[in-house]
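Use the sequences and the hints to build the structure in full.
Those letters in the sequence shown? Residues 9 to 866, per our numbering, in order.
Certain hints may be false.
Claimed, not checked - Straight-line Cα separation of at most 30 Å, DSSO-like style, residue types lysine-lysine; simulated pairs:
#1 291 <-> 237
#2 400 <-> 488
#3 552 <-> 498
Said to hold, decoys possible - Okay, the calculated beta carbon distance ranges per label pair:
#4 111 <-> 682: 27 to 35 Å
#5 112 <-> 335: 57 to 65 Å
#6 627 <-> 861: 47 to 55 Å
No lab work stands behind these hints, which were simulated from the structure alone. C-beta atoms are modelled at their ideal positions from N, C-alpha and C, and glycine is treated no differently.
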Amino acid sequence: MDIQQHERRRLEFLLSLDVLDTDPEEAFDRIAESAASLCNTPIAAITLLDERRQWFKSSVGLALKQTERSSAFCNHTIRGTQPFIVTNAADDPLFADNPLVTGSPGLRFYAGCPLISSNGYALGALAVMDTVPRTLDDIRIRMLRMLADQIMVLLELRQRNRELERTAAELRWMNQEVRQFADHLKQAQRIAGIGSWEVRLGTGRLHGTEEFYAILGLRAQADGIASTKALMARVPEPDRRRLLRRLHALVRDEKPMQLEHRIITEHGDTTYVMQRAELRHEKSGATIAGTMQDITQHRLSQEKLTLFHTCMSRVNEVVMITDASPLEEPGPRVVFVNDAFERLTGYTAHDILGRSPRLLQGPETSRAELDRIRAALRQGEPVYSEVINYGKHGQQYWLALTITPITDDSGRVSHFVSIQRDITRSKIAEQQIEQLAFYDPLTRLPNRRLLLDRLRLALNAVRRSGRIGALLFIDLDNFKSLNDTLGHDKGDRLLEAVARRLEGCVRKSNTVARLGGDEFVIMIEDIAGDAVTAGAHAELVVRKILAGFTRRFELNGIEYHCTPSVGVALFDRHIVDVDDLLKQADLAMYHAKAMGRNTACFFDPDMQSAINARVALERELRAALHQHQFELHYQPQVEGTGRIVGYEALIRWRHPRQGLVFPQAFIPLAEETGLIRGIGRWVLQIACRQLASWSARPDHAHLTMSVNVSAGQFGHPEFMQQVLAAIASSGADPRLLKLELTESVLVKNSDDTIAKMEGLREHGIRFALDDFGTGYSSLSYLKRLPLHQIKIDQSFVRDVLVDPNDAAIVRTILALGRILGLDVIAEGVEVEAQRDFLARHGCHGYQGYLFGQAHQVA
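Dropping the structure here:
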């Protein structure tokens, strides 16, 4: 088949579905919403392509009903059978100029699965989209394909439903015809009656009644006598020969005769008659006496009934007719089933006729639904229902059935007609969609969406009852290290095993859910009426969980020990927001981790106050960076003679309400949130400008500038380029710039660290190791680093005169500096005696209040 012919047939099949430019349908909307939720995208759509346009059957996050086919991503999706994925449309030559990319909604990411019909035509696509570049993992791609398959099931079921509606309309018409014919037949029987006749064998004379002649279409003879020859002339061949043979046999064998044949009336019409006759011996001679009944209408009715049965046997939907016996046990009896019933259930008509449809019911058949059906039928009303029935061999199937009472001429219900459609595949599809939408595919636990729904219901319940529940937030300790060392496959196996173990720690009525990653939540409802009892019960559950984790997990041949950190938050009628409850349990969990892991912590309101303060500080930090509230103060660094040889740049925050804020109050949070990268970049730029300014003055041209660099800032892939850019833009001499690193920076990714340091040193930049002696660096690692200077931490200098251990550490650091050929500078020098001690042991670089506090430069 060529491409044009295939496209023509594809369009014909698409149009036959009658789905383009139609109203929204809940089933399709639910699939689109599930696709967006599962793939975590803001946009999802079900699209269909006709000859010129792309039609949106359903969409989430996209207010479009149709577009030109030329601009549709779907136009590319239907060209294959596999998912079509565009990670960044702006960089893709196929879509860079697409109006959906260059204009609203500004699409970047597209992943679509073709909607392929059972006869092989790609009609459209199920797609998820985003306005930022991204991709999908294999699991979500498989989920998207499953949802696309369900859409095609729905589309084809939708078409079959329309066919069923047409069939039902035809059945109603045929029923009406059959009833009309039956009425005509009854009327004919009342009006026409049956004609009688007799023939004397000796004379051959025929005598008939008025009704007899009326059947023949003749006017009755005056004496009611006619000839047998005249009657035979009206019987067409081959019926005439059959009639003569049967009459001769009647005379010969003297046995009654019954024969159906045709007669041509006076007006040329064909009438079907039923002849019954017998031989009588009388004194006047032998006589054949008989009756003639006009069965023409009966024959026509029989033909139509035969047509009805033929049609019923060929429709795909099950048709069952029962009598109108009382609905109580044993119930109405089956009087008719079509061939589709036999194909679906495995029962033959012989198996079911005369028996109750209850034969098809089983343990999963809804008793409540059956009661609803019977209540409607008692009122003489039609009823629609979806129920589970069972076949001859115990197989379970879902039926969508419509039962209609049929009344006779007197208005009394005489029969029930049931049209039944097998919706098993549709129900399975619904269950699969629900599983994908509300359950985690890995652990088969309720997902975040279902958990939130159940939490809302639980909060509503406690408001009514006044009872107390508990929410347990569980995070696996060091789960990332398992993935990094043993692989994600082992991580998945652990998550599955943890899910089963957690389920074993609580009752089935409680909810165990997976939020994502290595986070689980247990919701326990209706624990107690007071907080003390509820807390005690929750603690018992926590102990059971912690005890359950003492047993090792079997991960495909590997035994692995895992511990949890558990946060517990009680909830009562005063908790009004689900998110607040989750935050409380989450915060308690993080406190459990801070307490050393493998433990549990109950939520305390003081925790919330602390987190609120932290959130406010983060918000103010972001504002400070954009509103230029930071300042650099410079503390002098001197040599043994007291001559200033450089300065260390120290950041301060000029807070609009709190005044001058020192770095220990905000730098830790900046490092946690990643704001340190922006702050550090600003410090580098300002410090380099100041260094360039000093270089223009002869008395300051020799001064160095020391700048602290955090681990988060140094680890950024573009750190080297940022340093060189700051130097280039300011014109500072890189040989006078000294970057101070802590040991925590140096021990992470040592090869990458050394490579960056070597790269910057080639440009003249030097490095100092700050807070030396407080970390855990090994000496073998230290000697590999391209360092220029080490700084003795002020914690050792502070008590160097009174603590022998601190004095010994300082002497050791100075000796190490001499051995490695590194300059040594001591920070925190506040009194002359400290400087003298340091000088005696070979330290000739100092920094501290003895030589000056940090201050701004005019």
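Here is how each hint holds up against the structure:
This hinted pair checks out: residue 291 and residue 237 have alpha carbons roughly 25 Å apart, not beyond 30 Å. Restraint check: the Cα-Cα separation between residue 400 and residue 488 comes to about 53 Å, which exceeds 30 Å; the hinted pair is violated. Restraint check: the Cα-Cα separation between residue 552 and residue 498 comes to about 25 Å, which is no more than 30 Å; the hinted pair holds. As the Cβ distance of residue 111 to residue 682 is approximately 33 Å, the hint placing it in 27 to 35 Å holds.
Evaluation of the 57 to 65 Å hint for residue 112 and residue 335 yields a pass: the beta carbon distance comes to about 60 Å. For the pair residue 627 and residue 861, the supplied restraint of 47 to 55 Å is violated, since their beta-carbon distance comes to about 30 Å.
This entry does not satisfy hints 2 and 6, going by the numbered hints stated previously.
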